[in-house]
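Visitor: Each protein sequence line maps, in turn, to chains E and W.
Per my numbering, the first sequence starts with residue 1, numbered consecutively.
Per my numbering, the second sequence starts with residue 1, numbered consecutively.
Hints in this document: simulated from the structure, not taken from any laboratory.
Please read all numbers here as calculations on a predicted model, not as lab measurements.
Treat each hint with caution, since some may be false.
Copies of one chain are not kept apart here, so a pair can be met inside one copy or by any two copies together.
Cut-off 27 Å, straight-line C-alpha distance, at most; resulting in silico cross-link-like pairs (DSSO-like, lysine-lysine) [what the hints assert, rightly or not]: (1) Lys262 to Lys228; (2) Lys231 to Lys262; (3) Lys262 to Lys185; (4) Lys262 to Lys342; (5) Lys231 to Lys342; (6) Lys342 to Lys188.
Number of protein chains: 2
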Amino acid sequence: MSERPPRTIEWIGDANGFVRIIDQTLLPIELRYRDCRSVEEVWEAIRSLRVRGAPAIGIAAAMGVVIGLQGHLNDFSPQLDRVCDYLATSRPTAVNLFWAIERMRCLARNLSATHAAQQIHDTLLAEAMAIEDEDRRMCWSIGENGAALIAEASGVLTHCNAGALATADHGTALAVLYAAHAQGKRLKVFADETRPLLQGARLTAWELKERGLDVTLICDSMAAQVMKEGKIQAVIVGADRIAANGDTANKIGTYGVAVLAKAHCIPFYVAAPSSTFDLSLQSGNGIPIEQRDPREVTHGLGRQTAPDGVTVYNPAFDVTPAALITAIITERGVIRPVTEEKVRQVLGG
Amino acid sequence: MSERPPRTIEWIGDANGFVRIIDQTLLPIELRYRDCRSVEEVWEAIRSLRVRGAPAIGIAAAMGVVIGLQGHLNDFSPQLDRVCDYLATSRPTAVNLFWAIERMRCLARNLSATHAAQQIHDTLLAEAMAIEDEDRRMCWSIGENGAALIAEASGVLTHCNAGALATADHGTALAVLYAAHAQGKRLKVFADETRPLLQGARLTAWELKERGLDVTLICDSMAAQVMKEGKIQAVIVGADRIAANGDTANKIGTYGVAVLAKAHCIPFYVAAPSSTFDLSLQSGNGIPIEQRDPREVTHGLGRQTAPDGVTVYNPAFDVTPAALITAIITERGVIRPVTEEKVRQVLGG
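So that you can see chain E by itself, here it is in the shape it has in the complex (with noise of 0.2 Å):
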């Protein structure tokens, strides 16, 4: 990574200042940042996919907390229960949305009794940069985990975006790939294009283009293709969530590959924060599969692509049994062989 990569999310400025982020859905076509300097322009952004990526949504979030409250000063304590709730309606199921506003809030709270307003606006702007700072750090060291598993020389294949433009930087699945190519490994990345929503084609192949590694764009149904090619060395993904036995639901589609990973003997890793897991299920069994609307897949691309009131099943994700995954790659560490009994180990580590 010789040049700075473009930035998903970014403050500029003083508590006074405003975000500025990448406008994804200009992307692969145009790379344009877009500022919002107003509490309804973050929500807009959030709401509108702009932003996208449950780690970046929450960095957006904090940070549009503190742009609500500019001007705020007399009336802050009211105001800041405004802007959290309503920035809390821009999308409803990010939980890291919910966490990082629940975050400043409680922040806000605990210092009113205290501190002057615009100390608290201050150290809430903060609290948000540190927000971005974890996430940063957090991603690094998932890749820096992970590098070690990507050999030299490899193809890689990966499964939608868990990459930098989901998080503050760098990403997940493609921080160890970023960390990789670092470390000088000579990498081949595969992306599928990820029906319906193409975000392997519109957002991962862009990513990676623009980072400088070697990729190579594919349909979904060109996976085992190439595996059996032997151009694929070892596929990484990302991950929704995590059962406490490494069950682990992914974009769908994320299943089918790791079948058809180990019918070729290629490893199979994903790469998720330690936020991922919800020990408190069992396993995978526990995980509602979404539905989504049919419209995805018969007008999703710019026109209609299939009969009129044609019967759909868009299932948003997959659950992957942990018997299909060679390692979980952890900011905390790897998690191999993947079992309840080493998700603990590690997670508790």
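Using the hints provided, position chain W relative to the given structure of chain E.
Guide: Frame of chain E, contents of chain W only:
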């Protein structure tokens, strides 16, 4: 099949009549017929994929020869060569195209010493209708031979379009489903959309729905998940070319589906006419993998969905080893187990 389904291709009138095709470039948005009354219109319909699928192209070309000779009873012989040579330039690789044109040309030449031009013209129309009829009966036999393999109340997954739209009628893989449906079996068909060209979404979902079958469209990346959920009891696909040992080349993605089927203990069937076998090939290793235009992947859906200049790997088909194929269904019988001995036995019988 209670109502008469739309016909992919049809001759209207006597030897001075015309060809009526479904304009498949408008599917699935609109079912519109297109009448081709000149050889140029037939050529354009083949070239522009208004009619596609190897058998359907062969029939269209044979009918195009008849049209091209209309009004040329006085210069029949030179016009025959002009028309045949011209139609052969419409598509580069469809073997049925050249086969059908040569069949028509040879018949006309054989008759030319003893018959008047008008008689030859009428005989050529009868020959074109015979090519169509042979194809229809071949499809029907495949359907009848395969229907017994599909159990009542099955979920069946198919990939690409091996259906009525590619043939005179019924298709190959879909003929099996139409026959099982006609026998009163309640099927739940899942159609892979089949990236990059979406034949599954555009054509298979359309024709199954049109003929009253219960069809659900999925993205290719969802096949593993529907298998895991127990929704699939059989997979059935067509074939582009089958080697002597049963290794089968078919649309890209087929091999991956076969691996997934085996991992889920689901039978995997190939349906194809005996003409698809290339017994000069000992195995599928001899089948070259055609690479197609990257723009099919990056721009195939009405807008650009990947970064400018990204490297793309776009194989048009893959080869499924015989070991992953439960049975091959032909018009001459069912090849099971899929071994060279059994292939030669059924095809020779």
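Visitor: Next step is simple, just say for each hint if it's right about the structure.
Guide: Verification of the hints:
| no. | hint | result |
| --- | --- | --- |
| 1 | Lys262 to Lys228 | both (12 Å within a copy, 16 Å between copies) |
| 2 | Lys231 to Lys262 | both (15 Å within a copy, 22 Å between copies) |
| 3 | Lys262 to Lys185 | within (24 Å within a copy, 35 Å between copies) |
| 4 | Lys262 to Lys342 | within (21 Å within a copy, 30 Å between copies) |
| 5 | Lys231 to Lys342 | neither (31 Å within a copy, 34 Å between copies) |
| 6 | Lys342 to Lys188 | neither (31 Å within a copy, 42 Å between copies) |
This entry does not satisfy hints 5, 6, going by the numbered hints stated previously.
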